[in-house]
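So the sequence lines, in the order shown, correspond to chains A and B. According to the numbering used here, the first sequence holds residues -9 to 546 in order. According to the numbering used here, the second sequence holds residues 19 to 248 in order.
Don't take each hint at face value.
Using 25 Å as the maximum straight-line C-alpha spacing, the simulated DMTMM-like pairs for lysine to aspartate or glutamate come out as follows [claimed, not checked]: (1) A:K34 - A:D21; (2) A:K316 - B:E187; (3) A:K34 - A:E333; (4) B:K109 - B:E134; (5) A:K316 - A:E206; (6) A:K514 - B:D189; (7) B:K106 - A:D19; (8) B:K109 - B:D140; (9) B:K109 - B:E46; (10) A:K316 - A:D498; (11) B:K106 - A:E6; (12) B:K235 - B:D213; (13) B:K34 - B:D143; (14) A:K354 - A:E333; (15) A:K316 - B:E76; (16) A:K34 - B:D143; (17) B:K109 - A:D21; (18) B:K109 - A:E333; (19) B:K109 - A:D508; (20) A:K440 - A:D498; (21) B:K109 - A:E6; (22) B:K106 - A:D457; (23) A:K545 - B:E105; (24) B:K106 - A:D498; (25) A:K514 - A:D454; (26) B:K235 - B:D171; (27) A:K34 - B:D61; (28) A:K316 - B:D189; (29) A:K316 - A:D530; (30) B:K53 - A:E515; (31) A:K514 - B:E105; (32) B:K106 - A:D508; (33) A:K514 - B:E78; (34) A:K514 - B:D143; (35) A:K316 - B:D208; (36) B:K106 - A:D530; (37) B:K106 - B:D162; (38) B:K109 - A:E489.
Hints listed in this document are in silico derivations from the structure and should not be mistaken for laboratory results.
The chain contents come next:
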Amino acid sequence: MTSSSNRALIDQWIEEPAPLLPILHAFHDRDGYLSEEALREIAKALRIPLADLYGTVTFYHHFSTDPDRPQTAPRVCTGPVCRLHGSQDLLDELADQGATPMACAGRCDEPTPVLSGHNVYIGQHADALEIAPSLLPPFNPGGVEECVFSAIREPGRAMLDGYRRTGGYEGLAQAVGAMAPAEVIELVRESGLAGRGGAGFPTAVKWAAVADAESEPKTIVCNADEGEPGCFKDRAILDHDPHAVIEGIAIAAYATGASRGFIYLRYEYPHTYSVLERAIAEAYEAGYLGDDILGSGFTFDLYLRRGAGAYICGEETSLLNSLEGKHPFPRNRPPYPVTHGFEDLPTAVNNVETLAAASHILRKGAAWYQGLGLDDRAGTKVISLSGDIQRPGNYEVPFGLPLKTLLYDWAGGPLPGRTIQAVTMAGLSGGFLAGDDLDVTLDEPGIRAKGSFLGAGGIMVFDDSRDMVDVAHNAMEFFAHESCGKCFPCRIGTQRLTERLNGGGPADLDDWLTEVQDIGYTMKELSACGLGMAAPAITDSLIRYFPEQVEGHVKA
Amino acid sequence: MSEQSSVTLTLTLDGKPVTFHEGETLYEVATRHGKAIPTLCYDPRLAAFGACRMCVVEVEGARTPVASCTTVAAAGSNVSTTSERIEKHRKTLLELIASENPALEVDPLRGYASQELATLVDAYDAHTGRFAGEHSGRSKIEDDNPFILRDYDLCISCYRCVRVCAEQEGDYAISILNRGFHTRIATEFDGLLRDSACTFCGQCIQTCPTGALADRKALRFAEMEMIAAD
Ligand SMILES: Cc1cc2nc3c(=O)[nH]c(=O)nc-3n(C[C@H](O)[C@H](O)[C@H](O)COP(=O)(O)O)c2cc1C
Ligand code: SF4
């Protein structure tokens, strides 16, 4: 097989928007690493200063500039849940193949993922690694009505035919055929839909801001970076119901007046990439994307882009810099992406789950969605549940469901003979909940009242056999590894907290506590983005719930 | 000129009403009115970056302090440039910064270099030894060019050198390698300045707030003077 010339790899993408990442991936895939020669040629073609390009490439965990650590060398997940399943041993077993660790790769329901080239293998031993499809979400026991998962288990749903057979693209047809953009936004407003990517911002308010913004062209970005440890819902949605997300993107585009869109997919989901490639092609073929969608005169193009291993690129402004080929530091806000987003033009960034929910809402109505929540709460949330629990998986819960109902009735409770010691919230970003605070309902007001937040909905369970200081250390190591390095409190603070959870810092307990709390206080109040603001939730909640374990750690 | 930019607006700064122009940042307003707000990543010639967070101020109604360098002033707001809370944060920040470098005392030979950091650490009495841990810098001693000393043991990752090189000179000779605590300042492929796009203009030395970058010619001169004085 002859490999493509450098020029051909570049030419394949250079006329498209956001060309840098796909060009880098094309060279990375072909050569196994990014050579000096490749970077020189890419820098010249895209007119990026070479030093900038080199610096940016080193920002991403998975890009290799070293032929001895090729793109195909195994990367073993050492995330919070996989560690419980011995991923460190697996890493050792694969050492002779040049294996290196990677942060949580979003497969917490089936540990342990090993990424090699474009394949993800699952298993706990080197001789038992297999490629396996994403698991479908388990049914909930009470037959509680779902939204995002309501049709995901239908056979063939991932293909266009199956999707259409089960109501697919009816929402989009309804929107472009019979509704004004402002009516679409109004419907979403009535449904109560809010962002499912972490921040919970009302979706209709965001769309209206983009619709009202004056400059053009406008852009929709589907945030499929899913880097939060313990979160694996977007993968399940995209693998089994990709058209629901594409339909949601097209609806968002129609509502806001956007003419172009991107799906920014995390590197660790190569299978999902091929699912989306196919689904996008099908949607173009059938007239749901491209020129004159469904004969309405509305035109919208959708591009698929792949990250390269950086949790911070899920933060929307870092994501936009990444798409633009810039160093992926978060931007200062305001201005916000709704007015100054991709290429400084109006942009709506929305999570996968938010967009999938929108396509169901368009078809079934605002009142239906609103009514899915318990009491006065609107709608549902997908929770990725994993760790020391009988039946891990993605569960779509009505807002207001008691956490304990999910843990015990839906997911079977802890493993035999064990009790639940703590759970994390918002993946890792919400810190731990434990003790009496496990008596909460799953909704933002309830969980925020406990000093945490629901966020993207990752919940990891740790039973009474676990050393919580060790769990906290691993969590802080993640934040330190993923800190972008822009702002001082987070860049230095995540490092110092990691050291203090690993035997470093003062030997005197009071001094240790003061240092850890002072660092946390300044990080929470002064960090420039959500990563640095959230990381101290780990140490704060550790100290609050597990003072004896902390004392034991410091004194040891 | 837009109509609004000539309009004079008012806000309250440390209890006193002050005037400002549309588009001014809180940092600009405050310094123009004689407030001494500490900064490390700020250079008036460069786009505000918002990294060091030393310049935070309190704005009534905001949940947390805001970086004054990147916050545009709003009419009617009530701003405090100092408070117990803010001074505590500034001291913690300086202690954290002091903890990441092996030494803060810049060689007197480098008197030509900036003492911005050292002065602030003294002013806040922040050389306390708290937050001790791994050091972040790594001196680039192998870069033996005759003009610019690259002693990154003193670097605090404010990226002023990177930004001045790009924004003022348009050379883009250096950039930011890696991320988090492991960021470093580097040329393409982490090489030497003479093999890069560097023109040895010296802007980076001027803007560096720590003395991590120094002018080798000036150092040689100072050394000769010292020898002569002995
Ligand atoms: C450190 C950090 C990481 C984030 N990662 C993601 C992510 O992987 N996926 C996501 O949808 N949102 C992520 N977010 C939130 C986004 O910034 C943004 O709020 C979201 O994509 C907006 O979509 P929504 O309104 O539909 O939730 C992250 C935020 C922060 C601060
Ligand atoms: S809080 Fe952390 S991740 Fe966010 S900008 Fe600051 S250094 Fe970067």
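Checked hints:
For the suggested pair A:K34 and A:D21, the alpha carbons sit about 19 Å apart, so the restraint of at most 25 Å is met. For the given pair, A:K316 sits about 19 Å from B:E187 by alpha-carbon distance, which is consistent with the 25 Å threshold. Taking the CA atoms of A:K34 and A:E333, the gap is near 20 Å; set against the 25 Å cutoff, the hint holds. Proposed proximity of B:K109 and B:E134 is supported: the alpha carbons are some 15 Å apart, at most 25 Å.
For a cut-off of 25 Å, the pair hint linking A:K316 to A:E206 stands: about 21 Å separates their Cα positions. With a C-alpha separation of about 36 Å, the suggested pairing of A:K514 with B:D189 is violated against the 25 Å cut-off. Using a Cα cut-off of 25 Å, the hinted pair B:K106 and A:D19 is violated, with the two alpha carbons roughly 49 Å apart. Only pairs whose Cα atoms come within 25 Å are accepted, and B:K109 paired with B:D140 is accepted, the gap being roughly 10 Å.
Restraint check: the Cα-Cα separation between B:K109 and B:E46 comes to about 22 Å, which is no more than 25 Å; the hinted pair holds. Restraint check: the Cα-Cα separation between A:K316 and A:D498 comes to about 44 Å, which exceeds 25 Å; the hinted pair is violated. Our distance criterion of 25 Å between C-alpha atoms is broken by B:K106 and A:E6, whose separation comes to about 49 Å. Proximity of B:K235 to B:D213 is assessed by CA-CA distance (about 20 Å); at most 25 Å being required, the pair is judged to hold.
Between B:K34 and B:D143 the CA atoms are separated by roughly 29 Å; this puts the pair beyond 25 Å, and the hint is violated. Restraint check for A:K354 and A:E333: not satisfied, since their Cα atoms lie roughly 35 Å apart, outside the 25 Å limit. Taken as a hint, the A:K316 and B:E76 pair is broken in the structure, with Cα atoms around 31 Å apart against an allowance of 25 Å. Only pairs whose Cα atoms come within 25 Å are accepted, and A:K34 paired with B:D143 is rejected, the gap being roughly 49 Å.
Taking the CA atoms of B:K109 and A:D21, the gap is near 49 Å; set against the 25 Å cutoff, the hint is violated. The hinted pair formed by B:K109 and A:E333 fails the criterion: a straight-line CA distance of about 38 Å is larger than 25 Å. With a CA separation close to 10 Å, the supplied pair B:K109 and A:D508 stays within the 25 Å bound. Only pairs whose Cα atoms come within 25 Å are accepted, and A:K440 paired with A:D498 is rejected, the gap being roughly 29 Å.
This hinted pair does not check out: B:K109 and A:E6 have alpha carbons roughly 48 Å apart, beyond 25 Å. With a CA separation close to 33 Å, the supplied pair B:K106 and A:D457 exceeds the 25 Å bound. Between the alpha carbons of A:K545 and B:E105 the distance comes to roughly 31 Å, so the proposed pair goes past 25 Å and is violated. Between B:K106 and A:D498, the direct Cα distance comes to roughly 22 Å. Compliance with the 25 Å bound is thereby established for this hinted pair.
For the hint linking A:K514 to A:D454, the alpha-carbon distance of about 29 Å lies beyond 25 Å, and the restraint is violated. Distance restraint check for B:K235 and B:D171: the Cα-Cα separation of roughly 20 Å lies within the 25 Å cut-off, and the hinted pair is therefore satisfied. Distance hint between A:K34 and B:D61 is unfulfilled; the C-alpha atoms sit about 30 Å from each other, more than 25 Å. Restraint check for A:K316 and B:D189: the C-alpha separation of about 16 Å stays at or below 25 Å, so the hint holds.
Simply put, A:K316 and A:D530 have alpha-carbon atoms about 34 Å apart, too far for the 25 Å limit, and the pair is violated. Between the alpha carbons of B:K53 and A:E515 the distance comes to roughly 22 Å, so the proposed pair stays at or under 25 Å and holds. With a C-alpha separation of about 15 Å, the suggested pair A:K514 and B:E105 falls inside the 25 Å cut-off, and the hint holds. At most 25 Å may separate the alpha-carbon atoms for a hinted pair to count; B:K106 and A:D508 meet this at roughly 9 Å.
Using a Cα cut-off of 25 Å, the hinted pair A:K514 and B:E78 holds, with the two alpha carbons roughly 18 Å apart. Distance check on the hinted pair: A:K514 and B:D143 sit about 23 Å apart at the alpha-carbon level, within 25 Å; holds. A distance of roughly 19 Å separates the Cα atoms of A:K316 and B:D208; the hinted pair therefore holds under the 25 Å criterion. Between B:K106 and A:D530 the alpha-carbon distance is near 19 Å, which keeps this suggested pair within the 25 Å criterion.
The hinted pair formed by B:K106 and B:D162 fails the criterion: a straight-line CA distance of about 41 Å is larger than 25 Å. Proximity of B:K109 to A:E489 is assessed by CA-CA distance (about 20 Å); at most 25 Å being required, the pair is judged to hold.
Violation of the numbered hints given earlier is confined to hints 6, 7, 10, 11, 13, 14, 15, 16, 17, 18, 20, 21, 22, 23, 25, 27, 29 and 37; the remaining hints are satisfied by the structure.
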